[in-house]
Amino acid sequence: MNGAEFVPLSLTPLLIGCLAAVACALPGNFLILRRQALIGDAISHVVLPGIVVAFLLTGTISATAMMFGAATAALIAVAMIEGIRRFGHIEPGAAMGVVFTTMFAGGVLILELSDTSGVHLDVEHALYGNLESLIWLDAIGWGSLLDAQALKGLPPELFRITVVVALIGILLALFWRPLAISTFDEGFAASLGLPVTVISLGLVIASALAAVAAFDAVGSIIVIAMFICPPAAARLMTNRLGAQIAWSVAFALLSAILGYVLAGYGPLWIGGTNAVSAAGMIATVSGVILAITAFAGPERRSVN
Amino acid sequence: MLQIANAENVRAEAQFLRESPFAIRGLTVSYDQKPAVFSVDATFQPGKMTAIVGPNGAGKSTLIKAALGIIKPLSGQVTIMGRPVAAEMHRIAYVPQRASVDWDFPVRVIDVVLMGLFRKTGLLGRLSGADRKHAMSCLNRVGMTDFASRQIGQLSGGQQQRVFLARALAQDADLYLLDEPFAGVDAATEKAIIAVLKSLRAEGRTVVAVHHDLSTVPDYFDNVLLLNVRKIAEGPVETAFTDANLSATYGGRLATARIDPAAVAG
Amino acid sequence: MLFEALFFQLGYNATLVTFGATLLGVAAGVTGSFLFFRKRALVSDAISHATLPGVALAFIVMVALGFDGRSLPGLLIGSAISAAAGLFAVQWLASRTRLTEDAAIGAVLSVFFGFGIVLLTVIQTMSSGRQAGLESFLLGSTAGMLYADAILIAAGGALALLLVAIFRRPMMMVSFDPEFARASGINLDRTDLIMMGLVMGVTVIGLKIVGLILIVALLIIPPVAARFWSDRADRVVLIAGVLGGLAAWIGASASAVAPNLPTGPIIVLTAFALFAISMLFAPARGLLISAVNHRKFQRGVHIRQGLVSLAQGQPIYEPLTIRLLRTEGLARADGVPTENGIARASRVLRDEKRWETARADPALEMAAARYDGLMQIEDVLTSDQIAELDARIGGPKGLPA
Chain D
26 MNGAEFVPLS LTPLLIGCLA AVACALPGNF LILRRQALIG DAISHVVLPG IVVAFLLTGT
86 ISATAMMFGA ATAALIAVAM IEGIRRFGHI EPGAAMGVVF TTMFAGGVLI LELSDTSGVH
146 LDVEHALYGN LESLIWLDAI GWGSLLDAQA LKGLPPELFR ITVVVALIGI LLALFWRPLA
206 ISTFDEGFAA SLGLPVTVIS LGLVIASALA AVAAFDAVGS IIVIAMFICP PAAARLMTNR
266 LGAQIAWSVA FALLSAILGY VLAGYGPLWI GGTNAVSAAG MIATVSGVIL AITAFAGPER
326 RSVN
Chain F
2 MLQIANAENV RAEAQFLRES PFAIRGLTVS YDQKPAVFSV DATFQPGKMT AIVGPNGAGK
62 STLIKAALGI IKPLSGQVTI MGRPVAAEMH RIAYVPQRAS VDWDFPVRVI DVVLMGLFRK
122 TGLLGRLSGA DRKHAMSCLN RVGMTDFASR QIGQLSGGQQ QRVFLARALA QDADLYLLDE
182 PFAGVDAATE KAIIAVLKSL RAEGRTVVAV HHDLSTVPDY FDNVLLLNVR KIAEGPVETA
242 FTDANLSATY GGRLATARID PAAVAG
Chain L
60 MLFEALFFQL GYNATLVTFG ATLLGVAAGV TGSFLFFRKR ALVSDAISHA TLPGVALAFI
120 VMVALGFDGR SLPGLLIGSA ISAAAGLFAV QWLASRTRLT EDAAIGAVLS VFFGFGIVLL
180 TVIQTMSSGR QAGLESFLLG STAGMLYADA ILIAAGGALA LLLVAIFRRP MMMVSFDPEF
240 ARASGINLDR TDLIMMGLVM GVTVIGLKIV GLILIVALLI IPPVAARFWS DRADRVVLIA
300 GVLGGLAAWI GASASAVAPN LPTGPIIVLT AFALFAISML FAPARGLLIS AVNHRKFQRG
360 VHIRQGLVSL AQGQPIYEPL TIRLLRTEGL ARADGVPTEN GIARASRVLR DEKRWETARA
420 DPALEMAAAR YDGLMQIEDV LTSDQIAELD ARIGGPKGLP A
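Just so you know, the protein sequences line up as chains D, F and L, in that order. Each residue of the first sequence is one higher than the one before, starting from 26 at the first, in this note's numbering. Each residue of the second sequence is one higher than the one before, starting from 2 at the first, in this note's numbering. Each residue of the third sequence is one higher than the one before, starting from 60 at the first, in this note's numbering.
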């Protein structure tokens, strides 16, 4: 692979795609185990209004503002869902459906009504991201990795997603036990003195941060694929929690790499000219991996 | 003359509470304005095994969960040795109903038992060799050492219940609260579990269990609490587990076991 | 302008579109109710997102065969096929693997959508400009809708409503009590299939106006809002239809006034506004009423418990109870009961004793079960029955000294 082409045009999108996939897959493992996979669906939808409102309030698209906006939107969504569920006695799926569709609709409307022409925030981008555009033009080849000047030109999204992945990894290592215990048996966990509600909220917030960091790469709808497909496939491969996490990371990376390559080079291989959506392809590949494990994974059957 | 809480009866009550490893006063829990548990007072005796019995929907599980603070009661106070329960949770080992757990969860038998050591290790504390030995000995007490590496979904109902009990044993608590520990288990498991509970009692610990099988109450338990949303009666089996109390609890529909206190005592 | 739009004054096309949207809204509200009762609301999210590859493939196929790629009937057929495939995939994953239904829904939703996006970009490269119409299927648009399309949508909505009317009995029974329905001879799987088919139909019809991302809102929000107005399933279905139609009518009219804004979000926000009003203020189960009732109930229970303790000479610990007894004039500041308090306490004790005696009598079981923590026995039993209870209790005893 020619370094002069690969490094400036493909390296950073590939890295960002990989990190985004992993950032979502990690908390996704627990969302699935808690039967809260659709909270991932909800979070991916409410990230949009969170970012849009943060942008409008601060006038910039600074990373911290976006993170803050997304986390706040996630918390508001969860609070509203809980409120509707508890006080309205509505089942959780319907409560989620009410809240996240409304918030998403609100976000889209605000986006359309406000002037965001100066910023790369438009509805299409919000839905399926723009991974291919996160390039590193300051690079000229593999040597640029050691060139401090060129490194300054790295896309800021790369730093964001790296920080978020690192943070989620650390939090996961730190709170492994409470997470595992409260996911397995919430009543017992409460009797041990574990703050089960806080743990639940913490997971949601971590997911929201992963979603917003991945947003730039793959947009909100594909984030759901990253939350669910690699961990679901991993679930069908093993009976050990640690191994499941490892498999989910492996599948996430595979989806990102294979997806990006197929999107960029696939059409060329079959005689076409232009690339297709990398985000869409990553989601598709993750789905294919899930389908394969659903047919052939060693632990795919339910025990009861 | 009628009085509320004068100095003397408050002191007597406080003393009474201090001697009890588990006492409930005025506990009311309601869902949607229907009471699930209403104004229950109960005082459990130390070093005894107490059964909580009542018909379906009588609020037995709710009582335990509300006492532990897992669900929020409308009113009531719960004390452990006279102190508020929230501060004494480390003295309690709670064994929830088996059905409330996802048995497909990717975890092995030994991992479940090690969860019982969480208070000791905290977030990041390493599990020492002694800890693992302790966990294995708890598994040994319930006869499940051979299953230590199995995934929990592969176990039968009785085996799962034993693992739950082993987890509780690992917590080394003064008070054991079990929710229907004998539901859906085979006869061998039932014998194993009751043997463990009796050994706990021999060690001076207190055992309280929601129990569904009236015919075994006199054999297994010292005291009984009859509950149907409100407390009907509590006390030693000989005096509290009577036909009259049972029909008051179950509404006269109890056509099965006729408990003859004389036969029980004799 | 909005006023004219609402009352069909804006011209033939706009009128037709608004009318079609309203029919769609009613159909969606009604169909979604059954999903809601079956607790499968979010399956519609998977179905709607799964339409995208079908739409794209239909476009490609039609262009390849020489037709106009944007022909609505063709696109809708394609969407129906891939939606059906998506639904099948959800069922398959949930039943044949250890994955739960929510994970299956999320997986199908995102993967089908992702694949659809890939196809959209393929179309983009095929001949730019020709696909411009397809992206409007994401969020909905009434701008520039063809007369024929509007007819199709209106007809589709009407057909869906007709089918609901035909199949309403089995669907209602299955939603409410599947076991009883089966015992009555209803085929559960076939009814579920019909229900899902209707959902798919409504989704497909709604693609153009509301868009696939938000059609699920029109299927979920009206039934949830309707729930607050009634406890009866058949009423909920009707009210959901009304609310759905209302939201679509207002939303489509507003959208006609602002043609460059996507229609879907406007309709959804209108639906949410109706939901918020319902949840807060509906008389049957609205929050305001519930909160008021809850407070009253809590206070009543505390006072009653306090009086029982008073009557039995037991100490009262709860500060709320003591405070309420004082405000009601039943006890003094130092905790000693007033005359009024003593009288009330003895009455409550007698009531409690009667309830206790009633519970032990199998003949009075039904009545005894109605006790909710506050009820007086005089409201439930006749004075003859109460007199008999009193005879068993043995007359008023003196209160403990």
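Read the hints as simulated data drawn from the structure, not as lab findings. Just to be clear, a hint being listed does not mean it is correct.
[As the list claims (entries may be wrong)] Only pairs whose alpha carbons sit at most 25 angstroms apart, straight line, appear in this in silico PhoX-like list of lysine-lysine: (1) F:Lys35 <-> L:Lys355; (2) L:Lys412 <-> F:Lys49; (3) F:Lys35 <-> F:Lys73; (4) F:Lys199 <-> F:Lys134; (5) F:Lys73 <-> L:Lys355; (6) L:Lys98 <-> F:Lys35; (7) L:Lys355 <-> L:Lys412.
[Unchecked claim] To be clear about the criterion: a stretch of chain F counts as covered by chain D if any three or more of its residues have a C-beta under 8 angstroms from a C-beta of chain D, and this derived list gives those stretches: (8) 63-70; (9) 73-86.
Ideal Cβ placement from N, Cα and C applies to all residues, glycine included.
#### Entry: Hints that the structure is at odds with (numbers, increasing)
2 and 9
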